[in-house]
Amino acid sequence: MKLLSGELLESRQLLPGQWLQRFHAPWLAGGAQAGQFVHVRTPDYSGLVLRRPFSINTFDRRSGEASIHFRVTGKGTEWLARMRPGDQIEMLGPLGRGFEVDPKSRHVLLVAGGLGMAGVRALADEALADNRQVVLLFGASTAREVYPSSLLPAEVEYVVATDDGSFGHSGRVTDLVGRYEAWADQCFACGPEPMLAAMARLAATRHQRLGVARLAGRGRGRQSPRGSSVARRRAWLQVSMEQNMGCAVGACLGCVIMGTDGPQRVCREGPVFASEEIEWDARW
Amino acid sequence: MGRALVTLDLSVDLGRGLILDNPILVASGTFGYGVEYGEVVDVQRIGAICCKGTTLKPRAGNPPPRVTETPAGMLNSIGLQNPGVKGVLERYAPHWAGWQVPVVVNVAGESVDDYVEVARRLEGQPGIAGIELNISCPNVGKGGLQFALDPDGAGAVTAAVRAATDLPLMVKLSPAAPDVRTIARAIADAGADALSATNTLSGMAIDRRRDRPLLGNTYGGLSGPALKPVALRVVYEVAQAVRIPIVGIGGVGSLDDVLDFMAAGAVAVQVGTAVFADPTLPVRLIDELAAHCRAEGLQTHRQLVGCALPARRERPSTKGVEYLP
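As you go down the protein sequences, you meet chains A and H in turn.
Residue 1420 is where the first sequence starts when you use my numbering, and the numbers rise one by one after that.
Residue 12 is where the second sequence starts when you use my numbering, and the numbers rise one by one after that.
Treat the hints with care, since some could be wrong.
[To be verified] Examples of chain H residues lying across from chain A (beta carbon under 8 Å, computed): (1) I89; (2) G155; (3) Q157; (4) G235; (5) P236; (6) T291.
[Unchecked claim] Beta-carbon label-pair distances, calculated as ranges: (7) H:E101 - A:G1483: 50 to 58 Å; (8) H:E134 - A:W1703: 26 to 34 Å; (9) H:A306 - A:R1501: 57 to 65 Å; (10) H:G202 - A:G1483: 35 to 43 Å; (11) A:G1590 - H:Y230: 36 to 44 Å; (12) H:A71 - A:S1424: 33 to 41 Å; (13) H:D298 - A:G1483: 27 to 35 Å; (14) A:S1424 - H:Y230: 31 to 39 Å.
[Unchecked claim] If you want the footprint, here are the derived chain A segments under chain H, 3+ residues with CB under 8 Å: (15) 1578-1587; (16) 1690-1701.
Note that these hints are calculated values from the structure, not bench results.
Heads up, the beta-carbon is just placed ideally off N, CA and C, and yes, glycines get one too.
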């Protein structure tokens, strides 16, 4: 975790209201892992008091560049979208725990809903660099919200669903998971909470549907503690969660969600969790 | 250079031996237990850390969302999530015991007995420099009326904790009290060593996409620059009502804010919400305050305290009460 400036290199509107910004931030790109995030400072403390968290959309250690992808939803993102190349943006990061990929996983399934693409995008690069096969399922409300395939590596098999059927599969992105659940060694998802909850239900019943024995943990003397890197690596589904955030370093407890082992900080124990760590129908 | 030889004294005496190196503290709830920001902040330079609110039993807190930005401020409804006093003593006090920076444990409760029991357990523990009482909690024994809004309740809880511990005791005022001076007097008369002013002000936000309150707990505490004028008013009023030191809190985000609180009668300030935007701010404010005092030819920042108060009044306290065991 460092607190430094990044120089904006490129800012462009990717989709209506959605921006892709590329920064020169070697300290960030050098230390990042897919699934981590960065906390961006807003310009004027007397007006906007909180930083804004963004998934590290892509990063390149050699060039020292990292990118974020966001939708303009309020004053903070409006300000950020007005920034121009050469502007310095203060960032705190990389933050949180990223995705845990099992070294043995050869087939990686990524599932993204809308802006959730930014949460899993870097993992596509990382998995390909490690010679894994990647299928990316993407869901959007309509064709004009579909993430352009030109921004994805050619090796990624990209399958799209739209709610209104204007592009690709007509329906939810989670409808597509069944086709790949036997193929995938691990699955990583980011998107709206109802989508992630649907993914968690699929993951919980996957073994029954596939009729395969649960191998993880068999013959091992003891289970790794829930939430540990090892336990997450063994989970079939990892989800990247989102919540309103204050400090982003674990101090304020503003971004806490309910986990099966009690309250969990999205900024510190997450944003990535194994799906079984989340209490999906939490009662407080 | 003759001027450089004049040593600048930024120390603050909050009473009962709680002497801070400088008057810049960090506010409860915004700095966790002091361990979270360690990688980016020189934590040991801070005047004191007021840790996250601590209760007798562990608390899971409120459902999300717990925070949201509002015009020039934010709302939080964490719901006092904390591991309980036992958990705090086990997990964090051993770190604090080796620290230079004093850690003041913020204590919350639902009854006088709750507060007293937490204070008893903190008494004599290595690493605990003092107690800050969060009295903006509903008093279950009085139909849920907040201690901080009731002079009798505020005085009673202060007196009970005072009797239970010799630790330096600071009590945090609510900005919602109709006459905060009567509350402050009751607390001072009950034996508090210092006051902090103020806590957050209750507010809410609406999620219009869903047509319901935005926060999971409906209500949250307003903090940040939006609260500063209210907190300044409370400090100004209380400084004329009591003779114990006052620590100002509410939207401190710059040296100007620090100087405003000092002018209104605070001998020190707590930085809260601004830490989220700039974790390095508290340490920078120490340097900026020192530079300001040197530029003004002051020997101590305490010369600034209360300079905006009506001239006929006594100067507010810059020193804690003597303590004779």
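Going down the list of hints, with the structure as the test:
With 8 Å as the threshold, the beta carbon of H:I89 comes within range of chain A, its nearest partner Cβ sitting at about 5 Å, so the hint holds. Hint on H:G155 is violated. Least Cβ distance to chain A is approximately 19 Å, over the 8 Å limit. Interface restraint check for H:Q157: the shortest CB-CB distance to chain A comes to about 22 Å, outside 8 Å, so the restraint is violated. Restraint check, H:G235 versus chain A: the minimum CB separation of about 5 Å is within 8 Å; hint holds.
With a cut of 8 Å, the hint placing H:P236 at the interface with chain A holds, because the nearest CB-to-CB distance is about 5 Å. The criterion of a C-beta within 8 Å of any C-beta in chain A is met by H:T291, whose closest approach is roughly 7 Å, and the hint holds. For the pair H:E101 and A:G1483, the beta carbons lie near 42 Å from each other, so the given range of 50 to 58 Å is not met. The hint said 26 to 34 Å for the Cβ distance between H:E134 and A:W1703, and at roughly 32 Å that hint holds.
Between H:A306 and A:R1501 the beta carbons are some 36 Å apart, a value that contradicts the proposed interval 57 to 65 Å. Distance hint check: the CB atoms of H:G202 and A:G1483 are about 58 Å apart, inconsistent with the given range 35 to 43 Å. Separation of A:G1590 from H:Y230 is about 39 Å and conforms to the stated range, judged on CB atoms against 36 to 44 Å. Between H:A71 and A:S1424 the C-beta distance comes to about 38 Å, which sits within the given range of 33 to 41 Å.
Against the hinted window of 27 to 35 Å, the Cβ-Cβ separation of H:D298 and A:G1483 comes to about 31 Å, which satisfies the hint. In this structure the hint that A:S1424 and H:Y230 lie 31 to 39 Å apart at CB holds, the actual value being about 37 Å. Here the region 1578-1587 of chain A counts 0 residues with a CB under 8 Å from a CB of chain H, which misses the bar of 3, and the coverage is violated. Figure legend: the region 1690-1701 of chain A, annotated as covered by chain H; annotation inconsistent (1 residues with Cβ-Cβ distances under 8 Å, at least 3 required).
Going down the numbered hints, you'll see the structure goes against 2, 3, 7, 9, 10, 15, 16, while the others check out.
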